[in-house]
Amino acid sequence: MRENDKRSRRLKIVGGAVALAAIAAAAVLYGKAPGPGKVAGDCPAASAERAARLAPLAHGEIAALAIDKSPKPATSVAFSGADGRKLTLDDFRGKAIVLNLWATWCVPCRAEMPALDRLEAKAGSRDFQVVAVNVDTARLDRPKAFLDEIGVKSLTRYADPSGDAFENLRLAGKALGLPTSLLIDKDGCQLGVVAGPVDWASDDALKVVDALKGS
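For the sequence shown, the positions run 6 to 220 when my numbering is used.
Rather than coming from a laboratory, the hints here were simulated on the basis of the structure.
Note that this is a predicted model, so its numbers are computed, not measured.
Among the hints, a few may not be true.
Unchecked claim - 16 Å max Cα-Cα, derived EDC-like pairs, lysine to aspartate or glutamate:
#1 K91 - E54
#2 K191 - D132
#3 K74 - E54
#4 K100 - D215
#5 K127 - D208
#6 K218 - D192
#7 K77 - D192
#8 K191 - D47
#9 K191 - D215
#10 K212 - E66
#11 K212 - D132
#12 K191 - E66
#13 K191 - D88
#14 K127 - D192
#15 K127 - D209
#16 K77 - D95
#17 K191 - D95
#18 K74 - D47
#19 K149 - D88
#20 K127 - D215
#21 K91 - E154
#22 K100 - D132
#23 K218 - D132
#24 K100 - D192
#25 K218 - D88
#26 K191 - D209
Could you put the whole structure together from the sequences, leaning on the hints where they help?
Structure below.
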């Protein structure tokens, strides 16, 4: 990727944070849940029920959480695992995930990473995982060095150096800035989004994760 293209993509990421916050606020104010027994898009009614349980939990340390009251299938993204294997969100079906997009040049991303690691240590299981995807497109030695420096032990190291994962979410209006965290249930449906950093190791966040995993 040319250097100018990399700068342009980074400007899109930084400049979109305010827009995403506005979209999230509108979703909270104007989103409507489907009626009993109905589905939202291709998502089962259970996804809307989980979203309804999440709504009253969006306060305190995780007040920035905006709930998708009419859940839709999560936007498709691809990235690589620690072993280089190509993955998509379909590889995580059957478990709830917090999909976090971050970069080493993003100061708020760096600040929230230890809490994401603690969340995975506390709540990671066959039913839940923190999927933190690094989207650096240059100097690809930096993510590993940073995670090693802060002592990350529980997070699996995912990456998308192409930047396509972020770009797909940006075009879908789901990730206009970093960090962005998407709450996706076991059926692959997006139930909420957090624009910006939060304390993922807090009791408030753990309650949200418990509701996200709900049957």
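Handout entry: Which numbered hints fail
Key = 1, 12, 13, 14, 21, 25 and 26
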